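Listed in order, the protein sequences are those of chains A and B.
The first sequence maps to residues 1 to 472 in full-length UniProt numbering.
The second sequence maps to residues 1 to 709 in full-length UniProt numbering.
Check each hint, because a few of them may be wrong.
Calculated pairs, DSBU-like style, for lysine-lysine (alpha carbon to alpha carbon, straight line, at most 35 Å) [claimed, not checked]: (1) A/145 <-> B/514; (2) B/577 <-> A/469; (3) B/514 <-> A/142; (4) A/461 <-> B/577; (5) B/291 <-> A/355; (6) B/57 <-> B/88; (7) B/19 <-> A/464; (8) A/145 <-> B/494; (9) B/291 <-> B/415; (10) A/242 <-> B/494; (11) A/464 <-> B/514; (12) A/242 <-> B/19; (13) A/469 <-> A/242; (14) A/464 <-> B/570; (15) B/514 <-> A/469; (16) B/514 <-> B/415; (17) B/658 <-> A/355; (18) B/415 <-> A/461; (19) B/494 <-> A/469; (20) B/19 <-> A/461; (21) B/633 <-> A/464; (22) A/461 <-> B/514; (23) A/142 <-> B/494; (24) B/415 <-> A/145; (25) A/145 <-> B/633; (26) A/242 <-> B/110; (27) A/461 <-> B/520; (28) A/142 <-> B/520; (29) B/57 <-> A/469; (30) A/355 <-> B/570.
Derived by calculation from the structure, the hints in this document are not laboratory data.
Remember, it's a predicted structure, so these values are computed and weren't measured experimentally.
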Amino acid sequence: MATANTEEEKSKSEQQKNHGGGGGFTRWAVLAVIFRLILIYFPGNLNLSSRPEVSTPLTSIRRLAEGYWLKQSSMSPYAGSMYHGSPLLLSVLGPLTVKRTILTYSVANAELKGSLVTFYADLISGILIRATGWKLQMTYRKSLKSLNLLNKSTDSGGLSSGDIAALVYLWNPFTIVACVGLSTSPVENLFTILTLYGAATGIAPLAAFGWVMATHLSLYPAILIIPVILLLGYGPDAPPSKLFRSKENGKVGDDTSSQDIIFSWGRVLHLLVWTSMWSVYVLVLCSISVKQHSSLQEMFQRTYGFILTVEDLSPNIGVLWYFFAEVFDFFRDFFLIVFHSNILFMILPLAIRLKHRPCFLAFVYIAISSMLKSYPSVGDPALYLGLLGLFLDELADMQFSFFLFCGYVGVSLLSPVMHNLWIWRGTGNANFYYATAMAYACFQIVLVVESVSSMLNHDRKLMKLSASKLQK
Amino acid sequence: MAEVEKKEVAAATPPWKPKPRPIVRLGIVLISHSLLVSVVCCTAGVVALFLLPMLAKNTYISENALMPGSASSMLSNDDISEAERLAKDLTSLNSGAADAGIERRRVLAKYLSDLGVEVGYHKFEPHQNQFHPLHFFSSPDSGLSRENGSCSSYGINVVGIIRAPQADGKEAIVLVTPFNFRKNSSSEALSISIGYAVFSLLSRVTWLAKDIIWLVADSQYGEYASVASWLRDYHIPVFSASSSHNADSCFEGNNINLLREESLDRTEISSGFRRAGTMAAALVLKVTDVKGQLEDTLSVYAEASNGQMPNLDLINVVNYLAVHRQGLRVKVEKFLSVLRWEWIWVLGDTLNFIGKVAGSLNPEWKFGISTPDYVEGTATLANSLYRQALGIPTGPHGAFRDFQVDAITLEISPKVVYTNQGRRNEFILRSARLIEGVVRSVNNLLEKFHQSFFLYLLTSPAKFVSVGVYMIGFALLVAPLPLVAASLYVDANKPDPSSQGPKHKLQINFKPWKWLSAAKQVFTVHAWGVFVSLLPYFISQIPNSTPAAHSIIWFSLSTFGLLVLYLITKSHSKPQKGEWENLKSVTISVVFIGLLLMSVVNFATAQIGALVLVPACLLAQPLKLDIRDASLKSFLRIACNVFISFVAFPPVGFFVLKGVNEGFGDMDVGEFWTWLESLWAWNSATYIYIGMVHLPCWVLCLHILLHSC
């Protein structure tokens with residue numbers, strides 16, 4: 001507790017020191033909020049909620065409205081393969097989508113309320129990212145100080161990485177589009193970020209709640225349990241433990257250390273207990289919610305089953321729809337296993353290599369799963385690009401940043417044009433659109449590879465620097 | 001391109017790998033010789049553009065099911081005389097009378113219902129074209145607004161539908177003849193004759209597999225508006241009770257004549273909107289009087305909005321039937337001024353000579369083309385490029401393309417105005433047989449047109465350049481952009497030997513992120529571009545002002561916006577090393593992305609834009625550096641830069657082009673405004689391109705030129 005308090009004080013003093021930067025942050029954050037409100041109240045004719053980039057079968061709020069309607073008229077919300085989300089989301093967001101009066105008025109009204117929910121979700125996500133960023137930066141400073149590597153020039157910059165990450169998240173066009181375009185992905189992102197925040201600040205119940213909810217809503221955050229355990233066990237990101245050990249012993253490469261970074265099993269146990277409690281709680285809530293017209297089994301089939309078997313082959317920005325539209329039926333199961341185990345295969349090696357940086361590990365997991373998930377939307381890159389900002393200090397030497405930036409801009413402009421060419425003009429075909437999806441996947445691969453390699457390079461650099469310091 | 005850039009950045013990293021992979025080395029070589037590569041590529045790109053008329057292939061009918069001309073025509077003189085009787089009845093009505101229009105419609109409807117086909121009226125309000133800057137990215141119907149305009153002006157189309165006797169009614173072929181019911185025009189009556197002759201034949205034949213719709217479009221508010229609103233009502237039915245009620249009340253309240261007419265014809269004419277199946281193809285038929293022709297000619301217009309073309313097979317069928325069956329001369333529009341350019345003829349001679357020499361060396365090399373053919377091809381190609389680049393449909397057929405229906409306009413012009421009934425009948429017979437043949441071919445189709453090309457440029461009615469050929473020239477032209485961007489980026493971000501501090505300091509210098517400030521500038525300028533392209537929407541609301549005043553307001557507001565931006569973002573710090581290189585690198589990358597996007601949206605615009613923007617961006621370099629250098633090379637570069645940045649300014653470019661085409665006689669500032677207004681009224685992507693890619697990049701190039709490094 002005492003350490004937490006001192007850290008808090010420190011962060012406060014830090015905040016005061018960077019007052020100018022903080023002012024800049026507030027200004028930009030408020031601008032982002034206002035910009036969103038303007039877009040929400042003047043939606044124009046952009047028709048964002050029907051774009052394939054924004055609304056996938058899982059995230060479309062129109063489908064949610066349909067599910068709510070089915071439920072209201074005493075049917076299973078999963079009847080007719082329209083809705084594939086959580087029954088809890090239906091209970092919370094459903095009433096907002098209800099149509100009360102005549103057609104035109106109610107739709108506008110429902111859209112407005114729906115966008116306000118996503119708007120608040122975005123806002124809270126931004127705040128949580130900023131708080132996580134503070135925490136991460138504190139730890140980073142502390143570990144640098146303990147290694148005698150901190151020099152004054154590093155903290156002279158304007159905004160801290162947490163501020164930048166929050167601003168990147170709030171101003172990212174992907175986030176804005178997902179927010180204005182009535183998709184539920186801001187809510188899912190909120191829970192993922194909540195998980196990371198809870199884990200980074202060591203609040204096990206919060207982390208457990210975030211993880212359970214995120215997993216319940218979109219399944220893929222399930223793999224985040226490993227970074228969360230590591231975060232709670234080891235504490236937030238720090239340079240490799242080898243460094244501290246060698247510092248203790250005054251020599252590099254001496255493995256006979258007495259004092260190791262302690263993995264606190266107590267907190268992890270705490271987390272696991274809370275996780276099981278929250279899961280049971282959520283399951284009970286779900287079963288209450290669905291018991292009238294449906295069952296828990298149907299819920300699992302229609303949500304997780306739908307995600308895992310890639311039933312809906314309508315085009316999206318991912319790579320699976322095209323593949324499973326082309327593949328022969330008798331190979332389908334095989335390739336389903338191959339594609340999903342792609343994500344699973346990467347978990348263990350990455351966890352071993354990056355165990356000293358659990359937050360970054362979480363970022364890598366999120367990026368990989370958003371690349372390989374069955375129904376990706378623009379909400380996914382919004383999340384991992386926002387998290388990328390958290391590691392600004394470590395990734396300062398990242399290669400290809402300009403190339404990646406141009407690639408993301410180019411692909412996100414080209415993709416709607418190709419879709420238009422295929423669907424509305426009829427002069428293109430599915431390959432045109434799929435080509436942009438593949439290019440997008442390639443850019444994500446480059447991003448992941450580059451960020452991981454530059455993070456490892458950063459560790460190596462720290463190692464080299466501390467070795468040279470010790471030799472002096 | 002992307003790979004090259006990647007390789008390039010890899011090259012920029014410190015050389016701890018002694019021997020990079022061959023592909024990386026290739027990239028390094030390309031980037032280190034980017035000047036040479038860009039000169040070679042750009043020249044090759046321009047040369048390839050001028051070679052296109054030579055590389056054009058003869059058209060061929062790709063879809064076997066079409067089988068044009070395999071059946072003999074069934075059209076007889078009886079159909080013609082019946083059609084002529086209709087035309088006489090229509091023209092004999094007193095055009096001065098107020099209800100002549102109504103009367104004509106009734107005569108037409110009478111004739112049609114006598115044929116035993118379904119007849120219907122379609123009422124519409126001519127829509128004012130509205131500004132939808134984001135129309136391109138949304139679906140076609142989303143921008144549609146069904147507001148209650150004034151009920152004072154509306155038009156009425158007459159629609160006849162033949163149901164195919166042995167088909168399920170899921171497909172249809174559309175014939176359109178624009179006709180102004182209020183006016184007497186002999187050529188329009190002639191087109192009605194042709195249409196009616198074909199229609200009456202088709203109402204009797206047994207081989208129909210698709211329904212036939214004949215739309216006599218009321219052209220008093222323009223041909224396009226009537227066809228477009230009919231198509232909209234055809235494809236987007238109104239379910240909401242309130243809006244249809246509005247429309248009805250409008251008509252009922254304002255027009256008693258119409259009511260009378262409806263009550264008269266209630267027995268034969270259905271009151272609801274009549275539909276047939278999905279449209280397989282549409283033909284718009286027009287007859288015009290053009291003086292001084294040697295023979296009967298048929299002009300084909302195909303360009304729809306944003307440079308979209310109908311399937312080439314449709315043009316092929318028309319061309320084949322017109323030339324080989326009916327002996328009409330088929331024409332495609334061309335730039336006549338190109339024919340006057342001396343240097344094109346010289347170029348044609350040269351190419352002809354080279355072809356002959358090559359042919360004498362090896363008889364298998366047959367790429368020669370005769371000089372007149374080359375010049376004609378160039379003139380047609382130039383027109384084809386220009387029409388596609390404008391993005392404005394060249395006729396009522398453009399409305400069909402928005403609903404993915406292949407359509408062309410056939411404009412038939414007789415040699416003389418026929419006074420002799422026999423000659424006139426023969427003309428009608430030939431034209432009607434042409435239409436009959438095309439309908440019969442399309443009738444054979446099993447699926448939508450899909451075999452042949454959608455992306456092509458015409459160099460003559462029977463010759464085309466496909467996307468695979470013209471893309472090569474474009475790719476060569478833009479290939480230097482990523483290369484030069486990469487090499488500039490490397491130069492600007494070279495590790496500075498002087499700043500290499502002692503090793504044990506943890507240096508977080510954000511060097512690789514230096515491009516961010518340049519990106520910020522570029523983004524700001526592009527945001528200004530968006531502002532500039534949205535301005536005309538507000539300016540056009542100002543009542544009672546001339547186009548010239550509009551353009552002056554627009555120009556001054558834009559300049560003012562730019563000045564404000566400049567004052568806000570002006571940095572007082574000393575320019576850093578590599579600043580303008582970074583800026584140029586980002587600018588070039590943005591131009592590359594913009595051109596790539598535009599080449600997908602509208603190739604012709606991208607091609608023309610690349611011809612201007614690519615040299616402007618590649619040559620841009622601070623004038624200060626060149627002046628300091630004071631060599632012949634730098635002097636040349638200054639001259640080129642000044643010239644290009646003068647011409648690349650959109651208004652100047654417009655007036656220069658216009659001057660070259662029509663002579664530098666009377667120039668009006670308002671013309672540019674009128675031109676742009678037509679672009680945005682038609683939702684042309686070219687307008688967006690000019691506002692959001694071309695203009696900002698021009699400003700950035702100017703900024704680089706005047707950079708104080």
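Against the structure, the hints:
About 27 Å separates the Cα atoms of residue 145 of chain A and residue 514 of chain B, which keeps this hinted pair within 35 Å; it holds. Between residue 577 of chain B and residue 469 of chain A, the direct Cα distance comes to roughly 32 Å. Compliance with the 35 Å bound is thereby established for this hinted pair. Between the alpha carbons of residue 514 of chain B and residue 142 of chain A the distance comes to roughly 28 Å, so the proposed pair stays at or under 35 Å and holds. The suggested pairing of residue 461 of chain A with residue 577 of chain B holds, with an alpha-carbon distance near 27 Å, which does not exceed 35 Å.
This hinted pair does not check out: residue 291 of chain B and residue 355 of chain A have alpha carbons roughly 85 Å apart, beyond 35 Å. For the given pair, residue 57 of chain B sits about 45 Å from residue 88 of chain B by alpha-carbon distance, which is inconsistent with the 35 Å threshold. The suggested pairing of residue 19 of chain B with residue 464 of chain A holds, with an alpha-carbon distance near 25 Å, which does not exceed 35 Å. Restraint check for residue 145 of chain A and residue 494 of chain B: satisfied, since their Cα atoms lie roughly 31 Å apart, inside the 35 Å limit.
A distance of roughly 8 Å separates the Cα atoms of residue 291 of chain B and residue 415 of chain B; the hinted pair therefore holds under the 35 Å criterion. For the hint pairing residue 242 of chain A with residue 494 of chain B, the CA-to-CA distance comes to about 33 Å; that is within 35 Å, so the pair holds. Note on residue 464 of chain A and residue 514 of chain B: the hinted pairing holds, with a Cα-Cα distance of about 25 Å set against a maximum of 35 Å. Taken as a hint, the residue 242 of chain A and residue 19 of chain B pair is honoured in the structure, with Cα atoms around 32 Å apart against an allowance of 35 Å.
Of the supplied pair hints, the one linking residue 469 of chain A and residue 242 of chain A holds, its CA atoms being roughly 15 Å apart against a limit of 35 Å. For the hint pairing residue 464 of chain A with residue 570 of chain B, the CA-to-CA distance comes to about 41 Å; that exceeds 35 Å, so the pair is violated. The suggested pairing of residue 514 of chain B with residue 469 of chain A holds, with an alpha-carbon distance near 29 Å, which does not exceed 35 Å. Of the supplied pair hints, the one linking residue 514 of chain B and residue 415 of chain B is violated, its CA atoms being roughly 69 Å apart against a limit of 35 Å.
Note on residue 658 of chain B and residue 355 of chain A: the hinted pairing is violated, with a Cα-Cα distance of about 67 Å set against a maximum of 35 Å. Straight-line distance between C-alpha atoms of residue 415 of chain B and residue 461 of chain A comes to about 85 Å, which puts the hinted pair past the 35 Å bound. This hinted pair checks out: residue 494 of chain B and residue 469 of chain A have alpha carbons roughly 28 Å apart, not beyond 35 Å. Among the hinted pairs, residue 19 of chain B with residue 461 of chain A is consistent with the structure: their alpha-carbon atoms are about 23 Å apart, no more than 35 Å.
This hinted pair does not check out: residue 633 of chain B and residue 464 of chain A have alpha carbons roughly 48 Å apart, beyond 35 Å. The suggested pairing of residue 461 of chain A with residue 514 of chain B holds, with an alpha-carbon distance near 21 Å, which does not exceed 35 Å. For the given pair, residue 142 of chain A sits about 32 Å from residue 494 of chain B by alpha-carbon distance, which is consistent with the 35 Å threshold. For the suggested pair residue 415 of chain B and residue 145 of chain A, the alpha carbons sit about 94 Å apart, so the restraint of at most 35 Å is broken.
A distance of roughly 55 Å separates the Cα atoms of residue 145 of chain A and residue 633 of chain B; the hinted pair therefore is violated under the 35 Å criterion. For the proposed pair residue 242 of chain A and residue 110 of chain B, the alpha carbon gap of about 96 Å is over 35 Å, so the pair is violated. Between residue 461 of chain A and residue 520 of chain B, the direct Cα distance comes to roughly 30 Å. Compliance with the 35 Å bound is thereby established for this hinted pair. Our distance criterion of 35 Å between C-alpha atoms is met by residue 142 of chain A and residue 520 of chain B, whose separation comes to about 33 Å.
Restraint check for residue 57 of chain B and residue 469 of chain A: the C-alpha separation of about 73 Å exceeds 35 Å, so the hint is violated. Taking the CA atoms of residue 355 of chain A and residue 570 of chain B, the gap is about 45 Å. The hint is violated against a cut of 35 Å.
The structure shown violates the earlier hints numbered 5, 6, 14, 16, 17, 18, 21, 24, 25, 26, 29 and 30.
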